[in-house]
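K.L.:
The primary structure of each chain is shown beneath.
Protein chains: 2
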Amino acid sequence: MPTIRVVAHIKAQPDQAEKLKGLLTAQVAPTRSEDGCISYVLMQNNSDPADFVFVEEWRDLNALKAHIKSPHIQQGREARAALLGGEPDIRLYTQIA
Amino acid sequence: MPTIRVVAHIKAQPDQAEKLKGLLTAQVAPTRSEDGCISYVLMQNNSDPADFVFVEEWRDLNALKAHIKSPHIQQGREARAALLGGEPDIRLYTQIA
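Taken in order, these protein sequences are the chains called C and G. Each position in the first sequence, counted from 1, maps to that position plus 47 in the working numbering. Each position in the second sequence, counted from 1, maps to that position plus 47 in the working numbering.
Mixed in with the good hints there might be a few duds.
As the list claims (entries may be wrong) - Examples of chain G residues lying across from chain C (beta carbon under 8 Å, computed):
1. Asn92
2. Val102
3. Ile143
4. Ala144
Said to hold, decoys possible - List of simulated lysine to any residue pairs, SDA-like, C-alpha gap at most 20 Å:
5. Lys68(C) <-> Thr141(G)
6. Lys68(G) <-> Val54(C)
7. Lys68(C) <-> Ser94(G)
8. Lys68(C) <-> Ile143(C)
9. Lys66(G) <-> Ile143(C)
10. Lys68(G) <-> Leu139(C)
11. Lys68(C) <-> Ala76(G)
12. Lys66(G) <-> Thr141(C)
13. Lys112(C) <-> Asn93(G)
14. Lys68(G) <-> Val53(C)
15. Lys68(C) <-> Val54(G)
16. Lys116(C) <-> Ser80(C)
17. Lys68(C) <-> Ala144(C)
18. Lys116(G) <-> Ala76(G)
19. Lys112(G) <-> Ile143(C)
20. Lys112(C) <-> Asn92(G)
21. Lys112(C) <-> Ser94(G)
22. Lys68(G) <-> Lys112(C)
23. Lys68(G) <-> Pro49(C)
24. Lys68(G) <-> Thr141(C)
25. Lys66(C) <-> Gln142(G)
26. Lys68(G) <-> Gln142(C)
27. Lys112(G) <-> Asn92(C)
28. Lys66(C) <-> Ala144(G)
29. Lys66(G) <-> Pro135(G)
30. Lys68(C) <-> Pro49(G)
Unchecked claim - Pairwise CB distance ranges (calculated):
31. Thr141(C) <-> Glu134(G): 19 to 25 Å
32. Ala126(G) <-> Ser94(C): 25 to 31 Å
33. Pro135(G) <-> Gly69(C): 29 to 35 Å
34. Ala129(C) <-> Pro118(G): 47 to 53 Å
35. Gln122(G) <-> Met48(C): 15 to 21 Å
36. Ala113(C) <-> Ser94(G): 34 to 40 Å
37. Gln121(C) <-> Pro77(G): 40 to 46 Å
38. Ile137(G) <-> Ala129(C): 28 to 34 Å
39. Gly69(C) <-> Arg124(G): 37 to 43 Å
Worth flagging that the hints you see were computed from the coordinates, not collected in a lab. For each residue, glycine too, the CB sits at the ideal point set by N, CA and C.
Work out the full structure, taking the sequences as your base and the hints as a guide.
P.N.:
Structure (structure tokens):
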């Protein structure tokens with residue numbers, strides 16, 4: 048079975064970018080220690096500091112589902128809700144090349 | 048200096064997904080052999096076969112600029128133009144965590 052890839056774009060309101068950056072950064076270490084997390088990278092757009100993206104790789108769908116239910120993700124989602132500049136764009140992919 | 052990260056979403060017209068997939072796949076091997084290419088991964092959306100994304104890492108901006116000017120990218124861009132379902136969304140990022 049191929050791994051599950053995730054590309055998750057998360058946008059802050061322009062004046063909340065630093066605060067959102069702190070919240071998103073805080074979820075990286077606990078996520079990387081989750082079972083089934085192969086890779087979890089947080090990036091910030093070079094020309095728009097309010098534009099963040101996670102690029103993730105998970106062993107399988109069950110590992111990703113457990114991640115979504117994890118306390119750090121659930122709490123992070125509530126904490127960031129008021130900072131967002133739009134609905135997060137989260138898509139699941141399979142590597143083809 | 049941090050590396051340059053790229054997330055490039057490329058969408059096909061629904062009936063051209065297979066053809067676009069072939070063109071995008073063909074540019075992976077020559078790109079990976081370019082100087083300064085650290086990583087170059089092509090993915091297809093699990094719920095929308097017309098939705099592709101490249102996740103890339105480059106040593107620096109000069110390496111990325113040389114890539115954009117390379118024959119396989121220039122020719123690929125022309126070849127795929129008629130297959131696209133919209134303007135590609137190509138953004139440059141820096142890893143922050």
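K.L.:
Against this structure, judge whether each hint is valid.
P.N.:
Status of the hints after comparison with the structure:
no. : hint                                : in the structure
1   : Asn92                               : holds, 6 Å
2   : Val102                              : holds, 5 Å
3   : Ile143                              : holds, 5 Å
4   : Ala144                              : holds, 4 Å
5   : Lys68(C) <-> Thr141(G)              : holds, 13 Å
6   : Lys68(G) <-> Val54(C)               : holds, 18 Å
7   : Lys68(C) <-> Ser94(G)               : violated, 29 Å
8   : Lys68(C) <-> Ile143(C)              : violated, 31 Å
9   : Lys66(G) <-> Ile143(C)              : holds, 14 Å
10  : Lys68(G) <-> Leu139(C)              : holds, 17 Å
11  : Lys68(C) <-> Ala76(G)               : violated, 34 Å
12  : Lys66(G) <-> Thr141(C)              : holds, 18 Å
13  : Lys112(C) <-> Asn93(G)              : holds, 15 Å
14  : Lys68(G) <-> Val53(C)               : holds, 19 Å
15  : Lys68(C) <-> Val54(G)               : holds, 18 Å
16  : Lys116(C) <-> Ser80(C)              : holds, 15 Å
17  : Lys68(C) <-> Ala144(C)              : violated, 31 Å
18  : Lys116(G) <-> Ala76(G)              : holds, 16 Å
19  : Lys112(G) <-> Ile143(C)             : violated, 24 Å
20  : Lys112(C) <-> Asn92(G)              : holds, 17 Å
21  : Lys112(C) <-> Ser94(G)              : holds, 16 Å
22  : Lys68(G) <-> Lys112(C)              : violated, 28 Å
23  : Lys68(G) <-> Pro49(C)               : holds, 18 Å
24  : Lys68(G) <-> Thr141(C)              : holds, 13 Å
25  : Lys66(C) <-> Gln142(G)              : holds, 17 Å
26  : Lys68(G) <-> Gln142(C)              : holds, 12 Å
27  : Lys112(G) <-> Asn92(C)              : holds, 17 Å
28  : Lys66(C) <-> Ala144(G)              : holds, 15 Å
29  : Lys66(G) <-> Pro135(G)              : holds, 16 Å
30  : Lys68(C) <-> Pro49(G)               : holds, 18 Å
31  : Thr141(C) <-> Glu134(G): 19 to 25 Å : holds, 24 Å
32  : Ala126(G) <-> Ser94(C): 25 to 31 Å  : holds, 28 Å
33  : Pro135(G) <-> Gly69(C): 29 to 35 Å  : holds, 31 Å
34  : Ala129(C) <-> Pro118(G): 47 to 53 Å : holds, 49 Å
35  : Gln122(G) <-> Met48(C): 15 to 21 Å  : violated, 34 Å
36  : Ala113(C) <-> Ser94(G): 34 to 40 Å  : violated, 20 Å
37  : Gln121(C) <-> Pro77(G): 40 to 46 Å  : holds, 43 Å
38  : Ile137(G) <-> Ala129(C): 28 to 34 Å : holds, 30 Å
39  : Gly69(C) <-> Arg124(G): 37 to 43 Å  : holds, 38 Å
Consistency with the previously given hints fails for numbers 7, 8, 11, 17, 19, 22, 35, 36, ordered from lowest to highest.
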